[in-house]
Amino acid sequence: MRILVVEDDLEAQRYLVNGLREAGHVVDDAADGEVGLTLALSRQYDVAIVDRMLPGLDGLKLVAEIREHGNTMPVLFLSALSEIDDRVKGLKAGGDDYLTKPYAFAELLARIDALMRRRHPASVKTQLQVGDLELDLLTRTAKRNGSAIDLQPREFRLLEYLMRHAGQVVTRTMLLESVWEYHFDPQTNVIDVHISRLRAKIDKGFDAPLLHTVRGAGYMIRARA
Amino acid sequence: MRAPRILRTLAFRIVALYLAIFALSAAAIVGFTYWNTARALNAQTDQIVDSEISSLAERYQRFGLAGLTSVIVNRSAHSEATLYLLADSDKRPIVGNLDSWPNLVPISGNIVELDYERRVGSRTEERRARGRQFTLTGGFLLLVARDIAERYQTEKLFTTTLPWSLLLMILLGLLGGILISRNFLTRLDLINRTSREIMAGDLSRRLPLGRGGDEFDTLAINLNRMLERTERLMRGMRDVTDSIAHDLRTPLNRLRNRLEGVLHMIGPDAAGASEIEAAVEETDHLIGTFNALLLIAEAEAGVARESMEQVDLRGIVEGVAELYGPLADEKEITLSIPPSGSAIIACNPRLVSQALANLLDNAIKYTPAGGKVTVALEHTPAGIALHVADSGPGIPKEDRSRVLERFVRLEASRHSPGTGLGLSLVAAVVRLHDAKLELSDNRPGLRATLLFPAPTRRHSALPQMTAQKLIAHN
Chain A
1014 MRILVVEDDL
1024 EAQRYLVNGL
1034 REAGHVVDDA
1044 ADGEVGLTLA
1054 LSRQYDVAIV
1064 DRMLPGLDGL
1074 KLVAEIREHG
1084 NTMPVLFLSA
1094 LSEIDDRVKG
1104 LKAGGDDYLT
1114 KPYAFAELLA
1124 RIDALMRRRH
1134 PASVKTQLQV
1144 GDLELDLLTR
1154 TAKRNGSAID
1164 LQPREFRLLE
1174 YLMRHAGQVV
1184 TRTMLLESVW
1194 EYHFDPQTNV
1204 IDVHISRLRA
1214 KIDKGFDAPL
1224 LHTVRGAGYM
1234 IRARA
Chain B
209 MRAPRILRTL
219 AFRIVALYLA
229 IFALSAAAIV
239 GFTYWNTARA
249 LNAQTDQIVD
259 SEISSLAERY
269 QRFGLAGLTS
279 VIVNRSAHSE
289 ATLYLLADSD
299 KRPIVGNLDS
309 WPNLVPISGN
319 IVELDYERRV
329 GSRTEERRAR
339 GRQFTLTGGF
349 LLLVARDIAE
359 RYQTEKLFTT
369 TLPWSLLLMI
379 LLGLLGGILI
389 SRNFLTRLDL
399 INRTSREIMA
409 GDLSRRLPLG
419 RGGDEFDTLA
429 INLNRMLERT
439 ERLMRGMRDV
449 TDSIAHDLRT
459 PLNRLRNRLE
469 GVLHMIGPDA
479 AGASEIEAAV
489 EETDHLIGTF
499 NALLLIAEAE
509 AGVARESMEQ
519 VDLRGIVEGV
529 AELYGPLADE
539 KEITLSIPPS
549 GSAIIACNPR
559 LVSQALANLL
569 DNAIKYTPAG
579 GKVTVALEHT
589 PAGIALHVAD
599 SGPGIPKEDR
609 SRVLERFVRL
619 EASRHSPGTG
629 LGLSLVAAVV
639 RLHDAKLELS
649 DNRPGLRATL
659 LFPAPTRRHS
669 ALPQMTAQKL
679 IAHN
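Protein sequences, first through last, are from chains A and B.
First residue of the first sequence: 1014, per my numbering; consecutive thereafter.
First residue of the second sequence: 209, per my numbering; consecutive thereafter.
Calculated directly from the structure, the hints in this document are not laboratory data.
Where hints are given, some of them may not hold.
Within a straight-line C-alpha distance of at most 30 Å, the following computed DSSO-like cross-link-like pairs (lysine-lysine) qualify [claimed, not checked]: (1) A:K1217 / B:K573; (2) A:K1214 / A:K1138; (3) B:K299 / A:K1214; (4) B:K580 / B:K539; (5) A:K1102 / A:K1074; (6) A:K1156 / B:K605; (7) B:K539 / B:K573; (8) A:K1105 / A:K1156; (9) B:K605 / A:K1214; (10) B:K644 / B:K573; (11) A:K1102 / A:K1156; (12) A:K1105 / A:K1138; (13) B:K605 / B:K644; (14) B:K605 / B:K580; (15) A:K1074 / A:K1138; (16) B:K605 / A:K1217; (17) B:K644 / A:K1214; (18) B:K580 / B:K644.
For each label pair, taking beta carbons as the anchor points, the in silico distance ranges come out as [unchecked claim]: (19) B:G444 / A:R1056: 23 to 31 Å; (20) B:A486 / A:G1144: 28 to 36 Å; (21) A:M1014 / B:A577: 42 to 50 Å; (22) A:R1056 / B:A577: 57 to 65 Å.
Since we're looking at a predicted model, the values are computed, not measured.
Glycine included, C-beta positions come from ideal geometry on N, C-alpha and C.
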């Protein structure tokens, strides 16, 4: 995947670029808004990571400009500002996701994967499958190995989100934001409790667990490779 | 029933009071003038009558009854305004310009008033006169009086017109009062409405100025200056939090990046990896504290006022309770939400959710297994109350206000995880929403209550005080 990184903190930029390259992406970088805009408009990218505060051209204006040119590539804002309204401003300006510094690299990677996945939806699915676990989005039912699993509505949404990102790391914050639509710090790791309940329902009694904990990052649903 | 709003304005009250004083003094002045004039006129009449009588008495003494009679005949023939009547002791008229002894109304001493008929052209009219009656030696009765019909008419005019004029004056005054109050109200309404919009978050708004340069304009100009300062301070506050956020987050970001980089380099199973993981965790804890502090600063600066929206508190309660439900289950705590209707308030949903989450998190954290946590919404006369009650150990009365301060953690909880900022954030969010936070004894346990004030009507100039009175009367 081709990724554009516009970040003026050079050390952060270096770290970001290295990390992304190591994860197998092709990365272009820019240290100010003007250069970022030129790159964004002259080349094709799958996703852009844009810092909110940039010299030359502010991140918000940069993205607004890109959007004005009809460019719809997914944009993830990075921001050292955590003002309550800031996320809203970022998303209004045309951003697709918003991550506050300092962030865990795993979080960033997971979000980028999700953004790119959103861009190329593998057709509209009514059925999700991971290993012998099936989720029917029309009848809202789940089955594993043919036997029905009884899920609460929220558990269903949680499982659906995990299965839509099967094989990808999904962080706790991503779950809180996407499944619960909350953008606040829940203090205790309440998400872990929800996951362990879900795990008890889908993995208990089966030899091969599907729902895995990824240390230092989050969770992943995946059939045994 | 309450009086219409216009009658409760200060302007109207002042006008009404002024009007009352004015009406009273006008009535007093007119009354005094009337009384004084009447007295003077009466005195004059009495004087004329007296001199008449003294000259008649002199006649009588010198010439006896015949002399008196001839004078009376003579005088009554030439005088219309003075009445004479001489009668015998049985009140039978002897001579004079009255046909019969009239009914006398005693006034004082031998002063009397009487009604009599006088021919004017072809018709007779009833007139009033004032005079004295005497008993002469020999039992004769003498009455001398002067016509006071004109004065009497004026007097009657006074007594009938005066109340009507007063009434008219009061009516006109009230009308004027209403007009003045209306003008006051329109301008006050404008100021109130704009201030409310400004308080709701739009700090760039200014009060409109009239053309007159009157007191209202002076008030508006002063308020506008104040608003300018407030806006500048708020912008300054925002700039400061922004730069603190930026200047601290950037190095924290690098620190975390580097730690992660090292971890990635040596691999998760290498010696020292767990130490680095712990360091990452510490960094995250630091970031958490920092974020909470920043959020408190933002909430306290009222920055989030701009993002207030009308939200059903019920939805927030259900959402957050659903999120924490499994956590309570895991600790074998019963989490109950008694049913309640919807409760729409203007708030920043993210901050209110965070505040509720903090309270609920605390409640679940400090309640032992088998306990009970209740989240309840209640419509009270003072507004909408959101209770989070638990059956844990509670907070001693003397510590309740202290726990709302930043970084304060009670001895009992010093070893459980937390930043010590949870309740401070709740307090800041509460202040942002003009709400109240109350910690009370749940017997046993702690009951935290957020009291959101009942929404005041947005576009009325009802002062806060009357709004509260309204509530109190409901």
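Against the structure, the hints:
1. Taking the CA atoms of K1217 (chain A) and K573 (chain B), the gap is near 28 Å; set against the 30 Å cutoff, the hint holds.
2. Between K1214 (chain A) and K1138 (chain A) the alpha-carbon distance is near 23 Å, which keeps this suggested pair within the 30 Å criterion.
3. For a cut-off of 30 Å, the pair hint linking K299 (chain B) to K1214 (chain A) is broken: about 129 Å separates their Cα positions.
4. Between K580 (chain B) and K539 (chain B), the direct Cα distance comes to roughly 10 Å. Compliance with the 30 Å bound is thereby established for this hinted pair.
5. At most 30 Å may separate the alpha-carbon atoms for a hinted pair to count; K1102 (chain A) and K1074 (chain A) meet this at roughly 11 Å.
6. Between K1156 (chain A) and K605 (chain B) the alpha-carbon distance is near 53 Å, which puts this suggested pair outside the 30 Å criterion.
7. Our distance criterion of 30 Å between C-alpha atoms is met by K539 (chain B) and K573 (chain B), whose separation comes to about 9 Å.
8. Between K1105 (chain A) and K1156 (chain A) the CA atoms are separated by roughly 39 Å; this puts the pair beyond 30 Å, and the hint is violated.
9. Of the pairs offered as hints, the one joining K605 (chain B) and K1214 (chain A) is violated, with about 44 Å between alpha carbons and a cut-off of 30 Å exceeded.
10. The hinted pair formed by K644 (chain B) and K573 (chain B) meets the criterion: a straight-line CA distance of about 23 Å does not exceed 30 Å.
11. With a C-alpha separation of about 41 Å, the suggested pair K1102 (chain A) and K1156 (chain A) falls outside the 30 Å cut-off, and the hint is violated.
12. For the proposed pair K1105 (chain A) and K1138 (chain A), the alpha carbon gap of about 29 Å is at most 30 Å, so the pair holds.
13. About 17 Å separates the Cα atoms of K605 (chain B) and K644 (chain B), which keeps this hinted pair within 30 Å; it holds.
14. Restraint check: the Cα-Cα separation between K605 (chain B) and K580 (chain B) comes to about 21 Å, which is no more than 30 Å; the hinted pair holds.
15. A hinted pair counts as satisfied when its Cα atoms are at most 30 Å apart, and K1074 (chain A) with K1138 (chain A) does not qualify at roughly 36 Å.
16. The straight-line distance between the Cα atoms of K605 (chain B) and K1217 (chain A) is roughly 47 Å, outside the 30 Å bound, and the hint therefore fails.
17. With a C-alpha separation of about 42 Å, the suggested pairing of K644 (chain B) with K1214 (chain A) is violated against the 30 Å cut-off.
18. The straight-line distance between the Cα atoms of K580 (chain B) and K644 (chain B) is roughly 24 Å, inside the 30 Å bound, and the hint therefore holds.
19. A hinted range of 23 to 31 Å for the beta carbons of G444 (chain B) and R1056 (chain A) is inconsistent with their spacing of about 41 Å.
20. Hint check: A486 (chain B) to G1144 (chain A), Cβ distance near 35 Å, so the stated range 28 to 36 Å holds.
21. Roughly 49 Å separates the CB atoms of M1014 (chain A) and A577 (chain B), a value that falls within the hinted 42 to 50 Å.
22. Remark: the range hint 57 to 65 Å for R1056 (chain A) to A577 (chain B) is upheld by a beta-carbon distance near 59 Å.
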